[in-house]
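Q: Sequences listed follow chains S and H, in order. Per numbering that gives the first Met the number 0, residue 0 is the first one in the first sequence, and the count goes up by one each step. Per numbering that gives the first Met the number 0, residue 0 is the first one in the second sequence, and the count goes up by one each step.
One should not assume that every hint holds.
What the hints assert, rightly or not - Covered stretches of chain H, going by a simulated chain S footprint (3 or more residues, C-beta under 8 Å):
(1) 4-13
(2) 115-125
(3) 128-140
(4) 203-213
(5) 219-225
It should be emphasised that the hints constitute simulated quantities derived from the structure, not laboratory data. Since the structure is predicted, the reported quantities are computational estimates derived from the model, not experimental observations. Glycine is no exception: its CB is placed at the ideal position from the N, C-alpha and C atoms.
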Amino acid sequence: MARAQDAPSIEGDAEERRLIDRSAAGDQEAFRQLVIRHHRLVINVAFRALGELSLAEDVAQEVFLKVYKALPGYRHEKPFKHWLHRVAANAVTDALRRRRPIVSLDGMEQPPASRESDPLDVATRHDLQKAVRQAIASLPSHYRDTIALQAFGELSYEEIAKTLDIPLGTVMSRLSGAKRLLRERLGDLVHGEEANTA
Amino acid sequence: MLSHATARDWLIPYADGMLAADERRRIDGHLGGCAACGAELREVRELNLLLVTLPPAPPTSVAPFWLKLQAVLPQRRALRIPNFVGYRRAGLAFALASIAVIAAAATAFAAPSALPDNPLYPVKLIEENVQLALTPANDRLTVQLQQAGERLREAQAMATDHKPRLAESSLRAYTIIVDAAAVSLKRPATPQVTKDALHALRAKLDAVERVNANRDDDVAGIKQLVAAAVDELDRLEQQESVTAPALTVGEQATPDPTPKATPKPTPRPTDDGDRRERERD
Chain S
0 MARAQDAPSI EGDAEERRLI DRSAAGDQEA FRQLVIRHHR LVINVAFRAL
50 GELSLAEDVA QEVFLKVYKA LPGYRHEKPF KHWLHRVAAN AVTDALRRRR
100 PIVSLDGMEQ PPASRESDPL DVATRHDLQK AVRQAIASLP SHYRDTIALQ
150 AFGELSYEEI AKTLDIPLGT VMSRLSGAKR LLRERLGDLV HGEEANTA
Chain H
0 MLSHATARDW LIPYADGMLA ADERRRIDGH LGGCAACGAE LREVRELNLL
50 LVTLPPAPPT SVAPFWLKLQ AVLPQRRALR IPNFVGYRRA GLAFALASIA
100 VIAAAATAFA APSALPDNPL YPVKLIEENV QLALTPANDR LTVQLQQAGE
150 RLREAQAMAT DHKPRLAESS LRAYTIIVDA AAVSLKRPAT PQVTKDALHA
200 LRAKLDAVER VNANRDDDVA GIKQLVAAAV DELDRLEQQE SVTAPALTVG
250 EQATPDPTPK ATPKPTPRPT DDGDRRERER D
């Protein structure tokens, strides 16, 4: 389900490194180039997590501002994109928790009975997505940060391991734990459905 | 035989396609006879379906996003140095006059050799920018190379003084100066002087790295910045060797518009040639 990102070329790496160093030294034009390169990635992560474009753009602003402030301490020890994913995942899960409703998920609106006959119904899908986001926000932090990278960042297990600096086995166990809790908390939303994808 | 408990543990990585082929076969075997695991797998896949169907953002424009972001970006020290490009003439004159007065007053206190940990260091940078702005285009490269050398001197001093962050800052400022001079370096007015200046920069970079390496707590960031700077010098020197015009004198200095054909010597037969002849036969 996760999609591996294309590996950047060596020239691309060198150019990105130069942009990072110049941005760290205060060159805003270089930082603008970095933003142009990664804007779509951050917006997508934020939008998948929050479901509203204006909120996603606000969080993306936060992410790039944090990145700009932290760039002088960036040491090129891990790919910039992994670091950016981590900052973005932290920012969106914080935003999710801020927005999390106080009511229990048990009281959440259940999808209508006609859902099975029309699974692509837009309103139903919107409710499902909202429920998933809220359920992710309710997870313990180590589960939440890991599954956010998979669900919102669309990272593979290997990319999550590199981004969080944890072994692949730990990613597996965290995702397993996170998904067990999600199934429990989403209740009937994931019960009795015929899944079509692996 | 796979136990029910182990099979349950593996269902999520199984659904994510993360198991090896033999592990998948074992799960497949278990699923054939375990209705509970089959039902659980359907739930896992349903959850995965929910997760992957979270939609990406609709298309957005980066330009307004950047403008909003730029408005809140903090100004770093390097950027507080005024950029004179684009100023109107009156504004430029006023700014130059003001800075000249400030610089003149500060010069008495700020030695040209002020280091980054000196409170008057920003004045030194302003002086350098004024100097560069007032330098004729033909001489700018020389000034830029001098300033690049000065950044390396500062980086070495800061590394020696166990101030790695300031050393890194000077190395980054060095990189910016060299980048800005890159176009001029492709066609230097005085190739030999430029070549000597690049050699001097390389020696200074080596000195920074030596100082850093000799410390017990050598800093990876300094090492990386120096390595990147040396790579950039290599690249510039290669460009220079490729693009530098050869010095020609005498008849060769003005070649004929239509060069005469040069008679080629008749090739002598070699052992290889003999062998090829024999092979053709």
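Q: Take the hints in turn and mark each one as holding or not.
A: Tested hints:
1. 4-13: holds (count 3)
2. 115-125: violated (count 0)
3. 128-140: violated (count 0)
4. 203-213: n = 0 at 8 Å, threshold three: violated.
5. 219-225: holds (count 4)
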